[in-house]
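Construct the complete structure from the given sequences, taking the supplied hints into account.
Read off the chains here:
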Amino acid sequence: GQQLNQSPQSMFIQEGEDVSMNCTSSSIFNTWLWYKQDPGEGPVLLIALYKAGELTSNGRLTAQFGITRKDSFLNISASIPSDVGIYFCAGPSINAGGTSYGKLTFGQGTILTVHP
Amino acid sequence: DTAVSQTPKYLVTQMGNDKSIKCEQNLGHDTMYWYKQDSKKFLKIMFSYNNKELIINETVPNRFSPKSPDKAHLNLHINSLELGDSAVYFCASSPDGWNYGYTFGSGTRLTVV
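Line by line, the protein sequences are chains A and B.
Counting from 68, one number per residue, gives the positions in the first sequence under the numbering used here.
Counting from 7, one number per residue, gives the positions in the second sequence under the numbering used here.
To be clear about the criterion: a stretch of chain B counts as covered by chain A if any three or more of its residues have a C-beta under 8 Å from a C-beta of chain A, and this derived list gives those stretches: (1) 46-60; (2) 91-102.
Over the 10 Å line for every Cβ pair with chain B, so calculated as not near, a few chain A residues: (3) GLU84; (4) VAL86; (5) SER93; (6) ARG127; (7) ILE134.
Partial selection, computed: residues in chain B whose CB lies under 10 Å from chain A: (8) VAL10; (9) GLU64; (10) PHE110.
Please keep in mind that the hints were generated in silico from the structure rather than gathered at the bench.
Backbone N, C-alpha and C define an ideal beta-carbon position, used for all residues, glycine too.
Next up, the structure:
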């Protein structure tokens, strides 16, 4: 099945630093989604990307849909303590018939810790 | 108002028991899902329903049975609970044209002792 590999697995940074993480796949994705999960909560959608090469921002967050359609990147600028959490990339899983039925495959997550 | 609400938030139970987790969404979405998050935080789909019809049924033990009485509700019943069932279970929903992603509930932490 399709798999998404995120790196790094974890990051420990100082407040104010910029953060970069990425997500790669062995197969092409038509949509890339980035979620954040706060402790004790469900994942929340941050950014959705629909077109190869697309660059989209949401406040201090910027995500890019890779040109090859096999990767995506998420950057966080000037990190703050509330950026702490787990960041997941996700994309639609396509079955043999070429449909996804809304099924999302998630990466294993990047755990971000921000020191004040 | 909570968009996707799950109950209970925490569930501690003994091996062999039967338990249910309830999920309701007030977003008017057509599709609902159950995901399992293991101790390593990996999210894996279990089931999805579209307008009360089962669409996705991943390789899940048949001790797990979803039920959707209407498109706003998707419950998960688990029979004969085992230690390995301990995890966080998330309900989610999406509109048709799910490309906009899911809306997740806040999760149910199940601990089997």
